[in-house]
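Model the full structure from these sequences, guided by the hints.
Protein chains: 6
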Amino acid sequence: MRQNHVLRAWRNGGQTIGGWLSINSSFSAEIMAHAGFDWLCVDMQHGLADFADCVTMLQAISTTDTVPFVRVPWNEPSIIMRVLDAGAYGVIVPLVSNREEAERAVAAVRYPPVGQRSSGPARAAMYGGPNYQAWANDEIALIVMIETAEALEKLDEILAVPGIDAAYIGPSDLAYALGLPPTGDNNDPKHVETVNRILEACKRHGVAPGAHTNSVEFTTRFLKQGFQLVMLGQDTNFMRRLASTELQAARASAGVAPLKPGA
Amino acid sequence: MRQNHVLRAWRNGGQTIGGWLSINSSFSAEIMAHAGFDWLCVDMQHGLADFADCVTMLQAISTTDTVPFVRVPWNEPSIIMRVLDAGAYGVIVPLVSNREEAERAVAAVRYPPVGQRSSGPARAAMYGGPNYQAWANDEIALIVMIETAEALEKLDEILAVPGIDAAYIGPSDLAYALGLPPTGDNNDPKHVETVNRILEACKRHGVAPGAHTNSVEFTTRFLKQGFQLVMLGQDTNFMRRLASTELQAARASAGVAPLKPGA
Amino acid sequence: MRQNHVLRAWRNGGQTIGGWLSINSSFSAEIMAHAGFDWLCVDMQHGLADFADCVTMLQAISTTDTVPFVRVPWNEPSIIMRVLDAGAYGVIVPLVSNREEAERAVAAVRYPPVGQRSSGPARAAMYGGPNYQAWANDEIALIVMIETAEALEKLDEILAVPGIDAAYIGPSDLAYALGLPPTGDNNDPKHVETVNRILEACKRHGVAPGAHTNSVEFTTRFLKQGFQLVMLGQDTNFMRRLASTELQAARASAGVAPLKPGA
Amino acid sequence: MRQNHVLRAWRNGGQTIGGWLSINSSFSAEIMAHAGFDWLCVDMQHGLADFADCVTMLQAISTTDTVPFVRVPWNEPSIIMRVLDAGAYGVIVPLVSNREEAERAVAAVRYPPVGQRSSGPARAAMYGGPNYQAWANDEIALIVMIETAEALEKLDEILAVPGIDAAYIGPSDLAYALGLPPTGDNNDPKHVETVNRILEACKRHGVAPGAHTNSVEFTTRFLKQGFQLVMLGQDTNFMRRLASTELQAARASAGVAPLKPGA
Amino acid sequence: MRQNHVLRAWRNGGQTIGGWLSINSSFSAEIMAHAGFDWLCVDMQHGLADFADCVTMLQAISTTDTVPFVRVPWNEPSIIMRVLDAGAYGVIVPLVSNREEAERAVAAVRYPPVGQRSSGPARAAMYGGPNYQAWANDEIALIVMIETAEALEKLDEILAVPGIDAAYIGPSDLAYALGLPPTGDNNDPKHVETVNRILEACKRHGVAPGAHTNSVEFTTRFLKQGFQLVMLGQDTNFMRRLASTELQAARASAGVAPLKPGA
Amino acid sequence: MRQNHVLRAWRNGGQTIGGWLSINSSFSAEIMAHAGFDWLCVDMQHGLADFADCVTMLQAISTTDTVPFVRVPWNEPSIIMRVLDAGAYGVIVPLVSNREEAERAVAAVRYPPVGQRSSGPARAAMYGGPNYQAWANDEIALIVMIETAEALEKLDEILAVPGIDAAYIGPSDLAYALGLPPTGDNNDPKHVETVNRILEACKRHGVAPGAHTNSVEFTTRFLKQGFQLVMLGQDTNFMRRLASTELQAARASAGVAPLKPGA
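Listed in order, the protein sequences are those of chains Y, H, C, G, B and E.
All residue numbers for the first sequence refer to numbering that gives the first Met the number 0, where the first residue is 0 and numbers rise by one.
All residue numbers for the second sequence refer to numbering that gives the first Met the number 0, where the first residue is 0 and numbers rise by one.
All residue numbers for the third sequence refer to numbering that gives the first Met the number 0, where the first residue is 0 and numbers rise by one.
All residue numbers for the fourth sequence refer to numbering that gives the first Met the number 0, where the first residue is 0 and numbers rise by one.
All residue numbers for the fifth sequence refer to numbering that gives the first Met the number 0, where the first residue is 0 and numbers rise by one.
All residue numbers for the sixth sequence refer to numbering that gives the first Met the number 0, where the first residue is 0 and numbers rise by one.
Just so you know, not all the hints are guaranteed correct.
Stated by the list, open to error - As a list, the in silico SDA-like pairs of lysine to any residue whose alpha-carbon atoms are at most 25 Å apart:
hint, chain 1, residue 1, chain 2, residue 2
1, Y, Lys259, H, Gln224
2, B, Lys153, Y, Lys153
3, C, Lys189, B, Pro112
4, G, Lys259, C, Ala159
5, C, Lys259, G, Gly128
6, H, Lys223, Y, Gly114
7, E, Lys223, B, Pro112
8, H, Lys202, Y, Ser252
9, E, Lys202, B, Ala253
10, C, Lys259, G, Asp137
11, Y, Lys259, H, Gly13
12, E, Lys153, G, Pro76
13, H, Lys189, E, Asn130
14, Y, Lys153, Y, Val215
15, H, Lys259, Y, Trp134
16, Y, Lys259, H, Glu138
Unchecked claim - A few chain H residues that face chain Y, going by a derived Cβ cut-off under 10 Å, partial list only:
hint, residue
17, Arg1
18, Ser27
19, Asp52
20, Val113
21, Tyr131
22, Gln132
23, Val229
24, Asp234
25, Asn236
26, Gln247
27, Lys259
Stated by the list, open to error - Ranges of calculated distance between the beta carbons of each label pair, as one might list FRET restraints:
hint, chain 1, residue 1, chain 2, residue 2, range
28, C, Glu216, G, Ala106, 52 to 62 Å
29, Y, Asn186, H, Ala256, 19 to 29 Å
30, E, Thr244, B, Thr182, 21 to 31 Å
31, H, Ala256, E, Arg10, 34 to 44 Å
32, B, Ala251, E, Pro180, 24 to 34 Å
33, C, Glu152, B, Pro161, 20 to 30 Å
34, E, Arg10, B, Pro180, 43 to 53 Å
35, E, Glu216, B, Pro161, 51 to 61 Å
36, B, Ala251, H, Ala256, 42 to 52 Å
37, B, Val113, Y, Ala133, 40 to 50 Å
38, B, Thr182, G, Ala106, 33 to 43 Å
Since the hints were made in silico from the structure, they are not lab data.
Virtual Cβ for every residue (Gly too), placed ideally from N, Cα, C.
Below, the structure written as C-alpha cells:
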C-alpha cells in the first residue's frame with residue numbers, strides 16, 4: 000500500500016507546500032515533480048489539462064514521491080471518480096458552498112458505505128498497490144475550496160461534513176465573494192480577516208487549512224499562521240516571471256531593445 | 000508578405016534575443032511568445048516536441064509577432080522541409096561540420112534554383128502570405144550550428160557557403176569538441192577563445208553570429224561582443240529554476256521541511 | 000485590450016457571417032480562419048473537437064483577426080468557463096429553453112457581480128490582453144440557441160435575461176420541435192414562420208438575431224431579413240460537397256467509373 | 000487476403016481517381032473516404048500528418064473500401080517500412096531521381112528475397128489478412144515520383160527497376176526542374192511536353208502512369224491521355240475553395256462586407 | 000443502412016459475447032475488434048479513454064463487423080449524445096437507479112418525438128448510412144446498468160421504461176450495494192440470488208439481460224442462464240494476466256529470478 | 000545516480016527477461032511495467048509508438064523499477080539520441096550488418112570522447128540523476144540486432160566493436176536472411192544452428208547474448224542455453240492470444256456462436 004504521506008502529515012499537524020500545474024504536458028509535470036514540492040496539483044478547472052493530459056501528468060508525477068492531486072473542473076461525481084481511477088491521491092473540488100455540495104463531493108470520493116464512488120480503479124490500483132479499494136477511503140485526500148459568499152456563511156456546516164480532509168482558499172474568487180477586485184495575494188483587510196476566519200473554522204473542525212498563493216511572501220505568511228497546505232506557485236507563473244525578468248535584465252544591461260515589426 | 004524582421008535586423012547589423020522551447024505544449028509556447036523575445040526556437044533535437052507538437056507550437060507563436068524558429072533533430076532534408084512547410088521562419092541545423100553539410104542544409108532550405116526544397120508550403124503559405132514561394136528564399140533564416148571539432152577546422156569553408164544567414168554556437172557540444180566537460184555557460188579560456196574565433200569568422204563572412212546561453216550574464220556578454228542572435232534561456236530552465244529558488248526560500252523562511260516518504 | 004469587433008458590430012446594428020468547425024484539427028481551423036469569415040465557431044456539441052483540440056483550434060484562429068466562438072456541448076458552467084479561460088470570445092449555448100437556463104448561461108459567462116464565472120483566465124488573458132477580468136463581461140459574446148418547443152413558448156422570458164447578446168436558431172432541432180423532419184435549410188411554412196417570429200422577438204429585446212444555415216441561399220435570405228449573425232457553412236460540408244461534385248464531374252467527363260472491390 | 004483492387008486495376012489497364020489528405024485528422028480522412036475516390040493518400044511530405052496521425056487516418060480509411068496510400072516524407076527505408084506496417088497499401092516516394100534511388104525504394108517496400116523490408120506488420124496483418132507476408136509483395140503498390148531534372152534524364156533506368164508499379168508526376172517540383180514557376184496545373188508547353196514524355200516512358204516500361212492535379216480539368220485531361228492514377232484534389236483545397244467561393248457569393252448577394260477590426 | 004445485428008439478435012432471443020476496452024489506443028481497439036467478439040465497449044467511466052480517444056477507437060472497431068458500444072462516464076445527455084454522434088451503436092449508462100434516471104437516458108439516446116437527442120450525427124451518419132436520423136431510434140442500443148441499492152428496489156419501474164433495450168449488471172458496484180466486498184465474479188449467495196432476480200425481471204419486461212464478468216467460467220454460467228449480453232473480459236486484463244502467467248512460468252522453468260534493484 | 004541494474008547484471012553474467020511494447024499507450028505500458036519484467040522495450044520500428052508516445056511510455060515505465068529500452072526504427076543518430084534524451088536506458092538498434100554500422104550506433108549512443116552523442120539530456124537527466132553526462136556512457140545499454148545475412152558473415156567484426164553491450168537476435172528477419180519463411184519461434188535446424196553460432200560469438204566477445212521470442216518454451220530454451228536477455232512476449236500478443244483463447248472457450252462451453260452480420 001502506498002501511503003499518502005501528505006494526508007498523514009496533515010493528520011499529525013504537519014505542514015506541506017505544493018505546486019500547481021496549468022501546462023498540459025507530462026514533461027513539464029515531471030520537471031515540477033523534481034522541484035521538491037510535497038504535492039502537485041493538476042488543474043483541470045482553470046489549467047489547460049484535459050483528462051487525457053491529466054493521466055500522463057499523473058504518471059509523470061508518479062515517477063517521484065511527490066503526491067499527485069487534481070483540481071477537478073466542477074463538483075461532479077463523473078470527473079471526480081475518473082481522476083481518482085487515474086491515480087490522483089487527492090482531489091480539490093472548487094466552489095463548495097454548503098453542506099449538500101460538500102456531501103456530494105464526499106460521496107464521489109469515498110467508496111461505500113461512506114460514499115458512492117463506483118468500483119474500477121484502473122490505474123489507481125497500480126499506483127496505490129494491492130487491495131486499493133479496501134484502504135482508499137483512508138488515503139485519498141478530499142480538499143474542498145472555500146471561495147464563495149455562500150460558503151462563508153455556511154463554513155461550519157461544510158467543514159463538519161465527515162470525509163473532508165482539508166479546506167482550500169481560492170483567493171481571487173474569494174475576493175469576488177467579498178466584492179473586491181479578483182486579486183490573488185491579497186492584503187485588503189476584509190480579505191485578510193476572512194482568511195483568518197476560515198483558518199479558525201478549520202482548526203475548530205479538525206480540517207487541514209489550505210490556501211493558494213503566488214509568492215514566497217504569502218506562502219511564508221500562511222505557513223506561519225498555521226496553514227497546512229499552501230500552494231507556492233504555478234508552472235506557468237514561474238516560467239513567465241523569470242523569462243520576463245531576465246529578458247528585461249538582459250535587454251537593459253546589453254542595451255538591446257525589442258525589434259519592432261513593421262517599423 | 001510577412002517579413003522576417005529578425006533576419007532583416009541581422010542584415011542591418013541589428014541584435015536580437017531569443018528563447019528556447021523544450022516543453023511539448025502549444026500553451027507554454029504561447030506564454031513564452033508573450034514574454035517579449037524577438038524569436039523563439041522549438042527544439043526538436045534535445046527538446047520534447049515531436050512534429051505534431053511543433054505544428055501547434057508554431058501556431059501558438061504565430062499569434063504574436065515573435066519570429067518562430069525550429070531546431071531540427073538532424074541535418075536531414077526531410078525534417079527541414081517539413082518544419083518549413085509548417086511555417087517555421089528559421090531553421091537551426093545542428094552539428095554542421097563542413098562545406099558539404101552546409102550545402103546540404105542550404106539545399107533543403109532554399110527553393111530552386113538555389114536549393115532543392117520541394118514545393119508544398121501547406122501552412123507556411125498561410126502564415127507567410129501570398130506568393131510565398133516567390134520570396135521565401137529571402138525571408139527564411141538558415142542558421143547552422145558550429146559545435147564540432149571538424150567545424151572549428153573548417154569554419155571558413157562552412158561560413159562561405161551562400162545561403163547561410165547565421166552561425167550559432169552550441170556551447171556544451173563545443174566543450175566536448177575542445178575536450179572540456181560539457182558545460183553551457185563556459186569560462187574556460189579555451190572555450191572563450193574559440194567563441195571569439197567563431198565570432199570573428201562570422202564577421203569576416205558577413206554571417207550573423209549567434210550563441211546559446213543559460214544566463215543574463217552570458218547573454219549580456221555575448222551581445223556586448225557583437226553577437227546578433229543570443230539565446231537567453233529555455234522554458235524548462237526558467238520554470239525549474241524559479242520554482243526551486245522560491246520553494247527553498249519559502250521552506251527556509253517558514254521553517255517547513257520537505258516531507259520524507261516512509262519516514 | 001482586444002475588442003470583440005463582432006460583438007461591437009451587433010451592438011451597432013451590423014451584420015456578420017460566420018463559419019463552423021467540426022474537424023478536430025488546428026490546421027483545418029487555421030485554413031478556415033484565412034477564408035474571410037467574421038467569426039468561426041468550434042463545435043464541441045456535434046463536432047469532433049474535444050477540449051484539448053479546442054485549445055489548439057482557438058490558438059489557430061487567433062493567428063488571424065477572425066473572432067473565435069465555441070459551441071459548448073451543454074449548458075454546464077464547467078465547460079463554459081473552461082472554453083472562456085482558453086480564449087473563446089463568444090460562447091454558443093445549445094438548447095436554452097427558459098429563463099432559468101438562460102440565467103444559468105449568463106452566470107457561467109459573466110464574472111461577478113453579474114455572474115459567477117470563476118477567476119482564472121489562463122489563456123484568455125494572453126489573447127485578450129491586460130486587465131482581462133476588468134472588461135471581459137463587456138467583450139465576451141453570449142449566444143443562446145433557440146431550438147426547443149419550450150423555448151418557443153418562453154421566447155420573451157429568455158431574451159429578456161440581461162447578459163445575453165444574441166439568439167441563434169438551430170434549424171434541425173427547431174424542426175424537431177415543430178414536429179417536422181430534421182432538415183437544416185428549411186422552407187416548410189411552419190418553420191419559416193417560426194424563424195420570423197424569433198427574429199421579431201430578438202428585435203423587440205435588443206438581442207442580435209442569428210441562424211445556422213448550410214447554403215448561400217439561406218445565408219443571403221437571412222441576412223436580407225436582418226439577421227446579424229448567420230452561419231454560412233461547415234468545414235466538413237465544404238470539403239465533402241466540393242470533393243463529391245468534382246469527383247462526379249471528373250468521372251463523367253473522363254468516363255472513369257469507380258472501382259468495384261471484389262468485382 | 001485483402002486484394003489491392005487499385006493495383007490490380009492498373010495491371011489490367013484500368014484507370015483510377017484518387018484524393019489527397021493534408022489535414023491531420025482521422026475524422027476528415029473518413030469523410031474523404033466516403034466521397035468515392037478509388038484511393039486516398041495521406042501526405043506525410045507536405046501535409047500535416049505525423050506518424051501517429053497517419054495510423055488513425057489509415058484506420059479511418061479502412062472503414063471503407065477506398066485503398067489507403069501514404070506519401071512518405073523522404074525515400075528512407077525507416078518511414079516507408081513504418082507506414083507499411085501501419086497498413087498502407089501503397090507508398091508514394093517523392094523525388095526519385097535515378098536507378099539507385101528507385102532500387103532503394105523497392106528494397107524498403109518488398110520483403111526478401113525481392114527487397115529488405117523487415118518483418119513485423121503490426122497493423123498491416125490485421126488489415127490485409129492472414130499470411131500477409133506471403134503475398135504482400137504482390138499487393139502493395141510502390142509509386143515513385145518523377146519530378147526532378149535528374150529523373151527526366153534517367154527516366155528509363157528508373158522505370159526499368161523491377162518492383163515499381165507506378166510513376167507519379169509532381170507538377171510543381173517538375174516545373175522547378177524545368178526552370179518554370181512552381182505552378183500545379185500547368186499549361187506551359189515545356190511542362191506539357193514533359194508530362195507526355197513521362198507518360199510514354201511509363202507505357203514503354205509497363206508502369207502505370209500517374210499525375211497530381213488540382214482540378215477537374217486536368218484530371219479529365221490526364222485520364223483521357225491514359226494516365227491510370229490521377230489525383231483530383233486535396234481535403235484542404237476542397238474546403239478552402241468552396242468556403243471562399245460561397246462566402247464571397249453570400250457577401251455579394253446580401254451586401255454584407257467583412258468587418259474591419261480596429262476600424 | 001447499417002443494421003445493429005447485436006440489437007436485432009437480442010430482439011430475436013439471441014445471445015452475444017462482448018469485450019471491454021480500457022486502454023486508450025485505437026490500435027489495441029482494432030486488435031480486440033479482430034478477436035471475434037460480437038460487440039466491444041469503449042469504457043469512458045473507469046477506462047482511460049477520453050472523448051478524442053473514443054472517436055479513433057470507434058473508427059478502429061468500425062474497420063470490422065464488431066458492433067461498437069460506449070460506456071459513458073455518467074448519465075448525462077451531453078456525453079451520451081456526443082458518443083452517439085461519434086458513431087457508437089450502443090450506449091451503456093452506469094448507475095441507473097430509478098425511472099427518472101432511466102427516462103433521462105432514453106431522452107438522451109432517442110431522437111424526437113421519443114426523446115430529445117439533438118440533431119447532428121457528424122460521424123454516425125457516415126458509419127450508419129443514409130437517413131441515419133430516420134431509423135437511428137430503432138438501431139441504437141440503450142443499455143442501463145443495474146448496480147445500486149435503489150435500482151434493486153425499483154427494478155420494475157426502470158425496466159418498464161420504453162426505449163431501454165438491455166440491462167447490464169455491474170457486479171462490483173452491485174456487491175457494494177449488497178454490503179459485500181467489491182468482487183467482480185461473485186459467488187456470494189446474496190449476489191447470486193440478486194443476479195438471478197435481475198435476470199427474471201429482464202425476462203418479465205422483455206429487456207435483454209446482461210452482465211459483466213472476468214472469466215470464461217462466469218461468462219459460460221451467465222450464458223447458460225439465458226443472459227443475452229455477457230462481457231467476457233477486458234483488454235487490460237487479458238494482457239496483464241497472460242503476461243504474468245507466462246513470465247512466472249518462464250522464470251520457474253528457467254530458474255531465472257527477477258532482478259532486485261539496489262541489491 | 001540511477002544504476003542500470005539490467006546492464007550490471009549482464010556484466011556479472013546474470014540473465015534477464017524482458018517484455019515488448021507495441022501499443023501506443025502509456026497506460027498499457029504502465030500495466031506491463033507492473034508485470035514483473037526486468038526490462039521493457041518500446042518498439043518504434045514495428046510497433047505503433049511515435050516519439051511523442053514513446054516519451055509518455057518511458058515515463059510510465061519509470062514509475063517502476065523496470066528498466067526502459069527503446070528499439071529505434073533505424074540506425075540513425077537522430078532518433079537514437081532523441082530516445083536517450085527522453086530517458087531510455089537502453090537502445091536496441093535493428094539490422095546492424097557490419098563494423099561501420101555498429102560503430103555508427105556506438106557513436107550515437109556514447110558521449111565524447113567515446114562517441115558523438117550531442118549534449119542535452121532533457122528528460123534523461125531527471126530520470127538518471129545528477130551528473131548524468133558524466134556516467135551515462137557506463138549505464139546506458141547498447142544492443143545491436145543480428146538479423147541480416149551480412150551480419151552473419153561479419154559477426155566477429157560487429158561484436159568486437161567497443162561500446163556494444165549486447166547482441167539481440169530478431170528471429171523473423173534472421174529467417175529471411177537464411178532463406179526461410181519469416182517465422183518467429185523457429186525450429187528449423189538452419190535457424191537453430193545460426194542462433195547457436197551467434198550465442199557462441201557473443202560469449203567469445205564478452206557481449207551479452209539476447210533473443211526475441213513469442214513463447215515460454217523458447218524463452219526457457221534460450222535462457223537455459225545461456226542467453227542473458229530474452230524477450231518473452233509483446234503486449235499485443237498477450238492480449239490477442241488470451242482474448243481469442245477465452246472467447247473460443249466461452250463460445251464452446253456455452254454453445255454461443257458468433258453473430259453473422261447480414262445473415
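Hint by hint, here is what the structure shows:
Between Lys259(Y) and Gln224(H) the alpha-carbon distance is near 23 Å, which keeps this suggested pair within the 25 Å criterion. A C-alpha spacing of about 35 Å is found between Lys153(B) and Lys153(Y), which places the hinted pair above 25 Å, so the restraint is violated. Our distance criterion of 25 Å between C-alpha atoms is met by Lys189(C) and Pro112(B), whose separation comes to about 17 Å. A C-alpha spacing of about 30 Å is found between Lys259(G) and Ala159(C), which places the hinted pair above 25 Å, so the restraint is violated.
At roughly 19 Å between alpha-carbon atoms, Lys259(C) and Gly128(G) fall within 25 Å of each other, so this suggested pair holds. Annotation: proposed proximity of Lys223(H) to Gly114(Y) is violated, straight-line Cα distance about 65 Å (limit 25 Å). For the hint linking Lys223(E) to Pro112(B), the alpha-carbon distance of about 70 Å lies beyond 25 Å, and the restraint is violated. Taken as a hint, the Lys202(H) and Ser252(Y) pair is honoured in the structure, with Cα atoms around 23 Å apart against an allowance of 25 Å.
Note on Lys202(E) and Ala253(B): the hinted pairing holds, with a Cα-Cα distance of about 19 Å set against a maximum of 25 Å. Distance restraint check for Lys259(C) and Asp137(G): the Cα-Cα separation of roughly 19 Å lies within the 25 Å cut-off, and the hinted pair is therefore satisfied. Between Lys259(Y) and Gly13(H) the CA atoms are separated by roughly 12 Å; this keeps the pair inside 25 Å, and the hint holds. With a C-alpha separation of about 22 Å, the suggested pairing of Lys153(E) with Pro76(G) holds against the 25 Å cut-off.
Distance restraint check for Lys189(H) and Asn130(E): the Cα-Cα separation of roughly 22 Å lies within the 25 Å cut-off, and the hinted pair is therefore satisfied. The hinted pair formed by Lys153(Y) and Val215(Y) fails the criterion: a straight-line CA distance of about 30 Å is larger than 25 Å. Taken as a hint, the Lys259(H) and Trp134(Y) pair is honoured in the structure, with Cα atoms around 21 Å apart against an allowance of 25 Å. For a cut-off of 25 Å, the pair hint linking Lys259(Y) to Glu138(H) stands: about 16 Å separates their Cα positions.
Taking 10 Å as the C-beta cut-off, the interface hint given for Arg1(H) holds, the closest approach to chain Y being about 9 Å. Contact between Ser27(H) and chain Y, as hinted, is supported at the beta carbon level, the nearest pair being about 5 Å apart and thus within 10 Å. Hint on Asp52(H) holds. Least Cβ distance to chain Y is approximately 9 Å, under the 10 Å limit. At a threshold of 10 Å, the smallest CB-CB gap from Val113(H) to chain Y is about 26 Å, leaving the interface hint violated.
Because the beta carbon of Tyr131(H) sits about 18 Å from the nearest beta carbon in chain Y, more than 10 Å, this interface hint is broken. Taking 10 Å as the C-beta cut-off, the interface hint given for Gln132(H) is violated, the closest approach to chain Y being about 22 Å. Against a cut-off of 10 Å between C-beta atoms, the interface hint on Val229(H) holds, since the closest Cβ of chain Y lies about 8 Å away. Given hint, Asp234(H) at the interface with chain Y, holds; its Cβ is 6 Å from that chain's nearest Cβ, closer than 10 Å.
For Asn236(H), the interface hint holds, the least distance from its beta-carbon to any beta-carbon of chain Y being 8 Å, beneath 10 Å. Among the interface hints, the one on Gln247(H) holds; its C-beta lies about 8 Å from the nearest C-beta in chain Y, closer than the 10 Å criterion. Look at Lys259(H): its Cβ gets to within about 8 Å of chain Y, closer than 10 Å, so that hint holds up. Between Glu216(C) and Ala106(G), the C-beta spacing of about 56 Å keeps the proposed range 52 to 62 Å intact.
One distance hint, 19 to 29 Å for the beta-carbon pair Asn186(Y) and Ala256(H), holds here, with the actual separation near 28 Å. For Thr244(E) and Thr182(B), the hinted distance range of 21 to 31 Å is satisfied, since their beta carbons lie about 24 Å from each other. The hinted range of 34 to 44 Å is satisfied by Ala256(H) and Arg10(E), whose Cβ atoms lie roughly 39 Å apart. In this structure the hint that Ala251(B) and Pro180(E) lie 24 to 34 Å apart at CB holds, the actual value being about 31 Å.
With their beta carbons about 25 Å apart, Glu152(C) and Pro161(B) fall inside the hinted range of 20 to 30 Å. Evaluation of the 43 to 53 Å hint for Arg10(E) and Pro180(B) yields a pass: the beta carbon distance comes to about 47 Å. Checked against the hint of 51 to 61 Å, the pair Glu216(E) and Pro161(B) passes, with Cβ atoms roughly 56 Å apart. The beta-carbon spacing between Ala251(B) and Ala256(H), approximately 46 Å, falls within the hinted interval of 42 to 52 Å.
Between Val113(B) and Ala133(Y), the C-beta spacing of about 44 Å keeps the proposed range 40 to 50 Å intact. For Thr182(B) and Ala106(G), the Cβ-Cβ distance of about 56 Å falls outside the hinted range of 33 to 43 Å, so the restraint is violated.
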